[in-house]
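Protein chains: 2
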Amino acid sequence: MASARLSKLEFQVMEALWSGGELSIREIQEEIPARRTPAYTTVQTTVYRMEAKGIVRRARKVGNFHVFEALITREAAQRRLIDDLLSYFGGRSQPLMAHLIESGKLSLGDVKEAEKLLRSHRRKGE
Amino acid sequence: MASARLSKLEFQVMEALWSGGELSIREIQEEIPARRTPAYTTVQTTVYRMEAKGIVRRARKVGNFHVFEALITREAAQRRLIDDLLSYFGGRSQPLMAHLIESGKLSLGDVKEAEKLLRSHRRKGE
DNA sequence: CCTTCTCAACTACACTTGTAGTAGACAATA
DNA sequence: TATTGTCTACTACAAGTGTAGTTGAGAAGG
Numbered sequence: 001m002a003s004a005r006l007s008k009l010e011f012q013v014m015e016a017l018w019s020g021g022e023l024s025i026r027e028i029q030e031e032i033p034a035r036r037t038p039a040y041t042t043v044q045t046t047v048y049r050m051e052a053k054g055i056v057r058r059a060r061k062v063g064n065f066h067v068f069e070a071l072i073t074r075e076a077a078q079r080r081l082i083d084d085l086l087s088y089f090g091g092r093s094q095p096l097m098a099h100l101i102e103s104g105k106l107s108l109g110d111v112k113e114a115e116k117l118l119r120s121h122r123r124k125g126e
Numbered sequence: 001m002a003s004a005r006l007s008k009l010e011f012q013v014m015e016a017l018w019s020g021g022e023l024s025i026r027e028i029q030e031e032i033p034a035r036r037t038p039a040y041t042t043v044q045t046t047v048y049r050m051e052a053k054g055i056v057r058r059a060r061k062v063g064n065f066h067v068f069e070a071l072i073t074r075e076a077a078q079r080r081l082i083d084d085l086l087s088y089f090g091g092r093s094q095p096l097m098a099h100l101i102e103s104g105k106l107s108l109g110d111v112k113e114a115e116k117l118l119r120s121h122r123r124k125g126e
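Residue numbers (this note's numbering), protein chains in the order written: chain R, 1 to 126; chain L, 1 to 126.
Hints are computed from structural coordinates only; laboratory data are not their basis.
It is possible that some hints are incorrect.
As the list claims (entries may be wrong) - Cut-off 27 Å, straight-line C-alpha distance, at most; resulting in silico cross-link-like pairs (DSSO-like, lysine-lysine):
1) L:K61 / R:K105
2) R:K53 / L:K8
3) L:K8 / R:K105
4) R:K112 / L:K8
5) R:K8 / L:K124
6) R:K105 / L:K105
7) R:K8 / L:K8
8) R:K105 / L:K112
9) L:K53 / R:K8
Assemble the whole structure, with the sequences as input and the hints as a guide.
Here you go:
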């Protein structure tokens, strides 16, 4: 139940559910923004597998179709993703930062904002 | 040739090669810091697959064993890893930063250093 | 009511990755 | 030289994931 590692497609399914609340397979499929949209049954298989893993659940049945809902939060999933990445770097975030900066993916504004966030976070304790 | 996605174990193999230069399978295996060290043949299989993918190469033969070397740089591999992660966040690094801060993985010192790095990076242009 | 559409449920398959065993060649050593 | 250890090369296999087809049931529309 902790959080579970999500594959790319699974993450996209979750993204749809986090944004859209309770959705049918069809709705999830339509929500997936991929250039090449996966077939309905591809999404269906993935959702079923996620159900087996306990990361989504059938919320209710509407007519002849089911409506699914997320069982883990976006924050937990994102954190898991990041922790996995960090494990490649021995848990240190410095190499990560360095790369973001070098490849121009981090602006001075981003850093400023991070700093502000960090200060307020520290004020709150923990 | 670009960079290729590396799995965890593959990354550990590369880590050994990046640090140690040219190594035999045995040496790579011994270098892998995992709590539970994989069997010799597990490492061997992985290295062979990496060879097929063109990310390592047999540098030379010493006695009856081969010595392998890395064909991609640590920087390229790390960048690929990070880009893959960012693709989960729509390419934006802000959510990443926020998580790092919230989970206490980013200190004020880290941010300060990032800022410094960013400024000097910008001075150099690009 | 008959036809058509849409789902659910199941099955299938290929590829990647972690995992490791086996057979045979070769080297080192007693 | 006979024995023992170490490598290479090959084979095997299960889990996870992306991919999608088939079959049958039920809804919707004419």
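Results of checking the hints against the structure:
At most 27 Å may separate the alpha-carbon atoms for a hinted pair to count; K61 (chain L) and K105 (chain R) exceed this at roughly 42 Å. Between K53 (chain R) and K8 (chain L) the CA atoms are separated by roughly 22 Å; this keeps the pair inside 27 Å, and the hint holds. Our distance criterion of 27 Å between C-alpha atoms is met by K8 (chain L) and K105 (chain R), whose separation comes to about 24 Å. In summary, the hint linking K112 (chain R) to K8 (chain L) is not supported, as the alpha carbons are separated by about 33 Å, beyond the 27 Å threshold.
Taking the CA atoms of K8 (chain R) and K124 (chain L), the gap is about 36 Å. The hint is violated against a cut of 27 Å. Between K105 (chain R) and K105 (chain L) the alpha-carbon distance is near 19 Å, which keeps this suggested pair within the 27 Å criterion. About 16 Å separates the Cα atoms of K8 (chain R) and K8 (chain L), which keeps this hinted pair within 27 Å; it holds. A hinted pair counts as satisfied when its Cα atoms are at most 27 Å apart, and K105 (chain R) with K112 (chain L) qualifies at roughly 17 Å.
Between K53 (chain L) and K8 (chain R), the direct Cα distance comes to roughly 22 Å. Compliance with the 27 Å bound is thereby established for this hinted pair.
The earlier numbered hints that this structure contradicts are 1, 4 and 5.
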